[in-house]
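A.B. asks: Listed here are the chains, written in short residue letters.
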Amino acid sequence: MTQLRSRLDRRDFLKLMGTFAGVSAALAACAPEQIPLPDPTQVPSIVENPTGVPPEPVLPPVPLGIIALNRMGYGPRPGDYEGFNALGSTDDERLRVYVAQQLNPDSIDDSDFETRYNAAGFETLHKTQDELYADHIANNPYDSNDDTYWQWYSKPAHELVDATFLRAVYSRKQLVEVLADFWHNHFNVYFWQDDGVPMLVSYNRDVLRKHMLGNFRQMLEAVATHPSMLYYLNQNNSSDAGPNENFARELFELHTLGAENYLGVRDPNTVQKDANGLAIGYVDNDVYESARAFTGWRVDDDIYEYEDGIEKTGRFIYYKPWHDRFNKLILGKYIPADQTDMQDGRDVLDLLANHPGTARFISRKLARRFIADEPPDSVLQAAASVFMEYRDAPDQLKRVVETILLSPEFKQAWGQKIKRPTEAAISMMRALNVDFTQLPGGIPWMCSMMGQPMFEKRSPDGYADVKEAWANSMSLLYRWNFAVGISENWMDDDEQKRIIRTDILGQTLPEVRTAESLADFWIPRILNRTMSDTDRQAVIAVMAQEYGTQEQLPEDHVAWVLPAMVEVILMSPDFQWK
Amino acid sequence: MPTTKLTRRNFLQGCSSAIAAMAGARLTNVAFAQQDSPTDTLVVVFLRGGWDALNVVPPMEGDDRGFYETARPNIKISDLLPLSDQFGMHPALAPLHGLYQQGRMAVIHAVGLNYDTRSHFDAQEFIELGTPGLKNTTSGWITRHLQRNGVSSILPALSTSGAPSSLLNFVPTVNLNDPADFSQWDNGLVVSQQTALRQMYSGDTLLHRAGLRTLDSLGIVSPLVEQEYQPSNGASYNDDELSQQLKTVARMIKLDAGLRVATVDYGGWDTHEYETDGNGGYIADQLGNLAAGLSNFYLDLDSGYTDRLSVVVISEFGRRLVQNEDYGTDHGHGSVMFTLGGGVNGGQVYGAWPGLHNDQLYDHADLAITTDYRQVMSELLTRRLGNTDIGTVFPGYAPSGELGIFRPI
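Chains as they are written, first to last, in numbering that gives the first Met the number 0: chain A, 0 to 577; chain B, 0 to 408.
Since the hints were derived computationally from the structure, they do not count as laboratory data. You may find that some hints are simply not true.
Said to hold, decoys possible - Computed spacing ranges between beta-carbons, pair by pair:
hint, chain 1, residue 1, chain 2, residue 2, range
1, B, Gly390, A, Thr127, 53 to 61 Å
2, A, Asn233, B, Gly279, 26 to 34 Å
3, B, Asp325, A, Asp464, 36 to 44 Å
4, B, Gly132, A, Asp464, 37 to 45 Å
5, B, Ala397, A, Asn488, 53 to 61 Å
Glycine included, each C-beta is placed from N, C-alpha and C at the ideal position.
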């Protein structure tokens, strides 16, 4: 089979793989005739108690370096764990130093990544917002009936996906990458949202990455005035004559106060006020009033090609003829009629960004990302206090993140999350020290098969950050298949222009050649810790096949079986926790 | 081993013994549902995007036909296939008209999510969670149904399009579009890898349980990978996404592995522009695919399976009565649902008709809702799925009377 494989292109191979696996499974299905069939008259269910979800068992603790590298980044590359441990003499000291480095990314030498980035030859990612709009939307040189038009139109966004994978795998500024992913999902914009696909590059760089260690209020306005969001949530069509509530609703429900502060359809006069006269939560009326406040916030894109005062720059514009000039009442605050340009909307952003409910909601989501699916109240209270105290500071969000990462809860929790599919894929690439510059299309395709194509969450809530969303059969199966594809070097593009290489044998010491020693070499190499003895024996058994576990293995056996053993480590539950 | 020559019986024996073998002592309690399963297999076809109910089942006669034609000068549908004195079906649905006339399909009109939203996202979520107005619900309505009834089979739930909210937090769900995709990539050592995985995933966390579930599912599905599927009764499935999903569902039902629920998605109904070209055009193509898919699915399963089959076709809302300037329609309110199956009291249009006069419209714009979608589901649960605990499946909801869409099982 190994001989056959080298002569197949990937597409043939993908077809055949299904066949091979099927045959194997069918053989397995029919082989063990000595096992008696279960007696159908007295079989209880395999799902014995579907209503009561058992409490999740607590996993044994792991060293702090493993927690830090898996939760503040996409998992360790070879040497990262040792590097973390060299940062100080105690766990606390190491964590403090590491967090300080990661929160000051400009101080990190990232030249290896930068070399790769420059070699990748991206053509559009350097373009400004204006250039992206002019080159890829307003003045697309191709005929819109041809594929070339749409390729040129979507090229920047595709390059952004490739660059994001490249960063996540190779950049040493790992926390930056995790935060960029967090904030894209928080202020989600769908890759294929109408009208502004190329602008995603600017949204990612000029809004999310620019502000994510900065000030939330400033970030909020940058989001609310960017074409990507204006198009995605229909704010671009919202006028006094036909207000569209889509953006306003998600601004409350997803971006700031969160559904946890939604008090439903009820009279706003019945909502309790805090000491400053501010409503403690929001009702539908606040959404509708806010939709009015944002009317006229749109893109300068002259979609109808006859509007006065509208050009085709692709920039944000406040279009006064569409603005609802009359007074509004939002969260108990009176907003008078005929305010100056944009003031109505800015008042709403002020109210939301300074609301304690927002502080709790943002802190909860960050703690969910960095600590546990259900983070302890103590840490989100601490983070929310910092959020409020530094709400006018230029490094507010950096302080909030720092509070979470240096909290006792961060150090204590382990295994209350699993890696999401894209994280799992990237962490496998990092663990195996893969080599690529231009990303083969099979990598993002595999992430789609796992249910998480990058930037392609269609609805505005972003990808779920809890394990329930990802612990399903199709998603897990393709996580396992990814381990196989990446370890066996099956992920190259058909035409072999974009290749990704994993040299497992080359990373293995030549004197390590028994099944047991190979397992004991690769388990800590990937996990930075041991496995349970039974799991370790399972790994050894894969490596040994028909040989003894302490027997010297022939080179051709090692060359063939070693990747399969490494795959099993990558597929194991131990590799999925974080 | 020439698996293509396996009979279903052989397959089932091989498969269950393999699962038992792989599981060792821990998983010997594997049961396939008996063929005389006491309740129906439910298939939910969700049409994402909000289908234009008023062009799917338009009024045929009377004042409402007049209001309809006035509101839709460029996109009205004619030459309808009659369903009653009052309503007809879009001619592109012809393949379903026979099933309707045979009493195997029913239509529920002016039905939907009785909640004030014209957002796709909200409406789909509310319908699937079964809690209108509440998006934080941690389980889908089908999850709660299956949990309430208990699950005893190896393949209780199948989703052919991702992880739908209706099955939120139902761990035993198998997600796959096509058995051809559902195989473990093999470097020649997959059997020993699966042995190792079965050891490693023998634990009590959600992840462990999902891992074992995946291995069990491979045991069920992988043998199908290289088999050419032969539908029964000369049924043939088109290549579009809906038909391919329905084909997968039919294959899984015929495994007799106790499939209780399957969810299928078919998108592309958000027809804001250029909806029709006479009786043809975009929506006719969509409806043609729907009708071809469902009719062949039904034909395929009319080989001993339709007596225990209930299909529900639902969309998140209907569309505005008045066409827009782009020969399309914008988001509306009231919708239409189809039910198909051996237990359907078919050949009828159910639901009170609110009328299309401006004063009769929801918000003076859309078809009003006179039947809550949960009414239809409740009758289904009670009559066909053996679950009378509607309060658990749809918290806070109690059906009002009964339309009689389904016969008791």
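A.B. asks: Quick check: which numbered hints come out false for this structure?
C.D. replies: Structure breaks hint 4 only.
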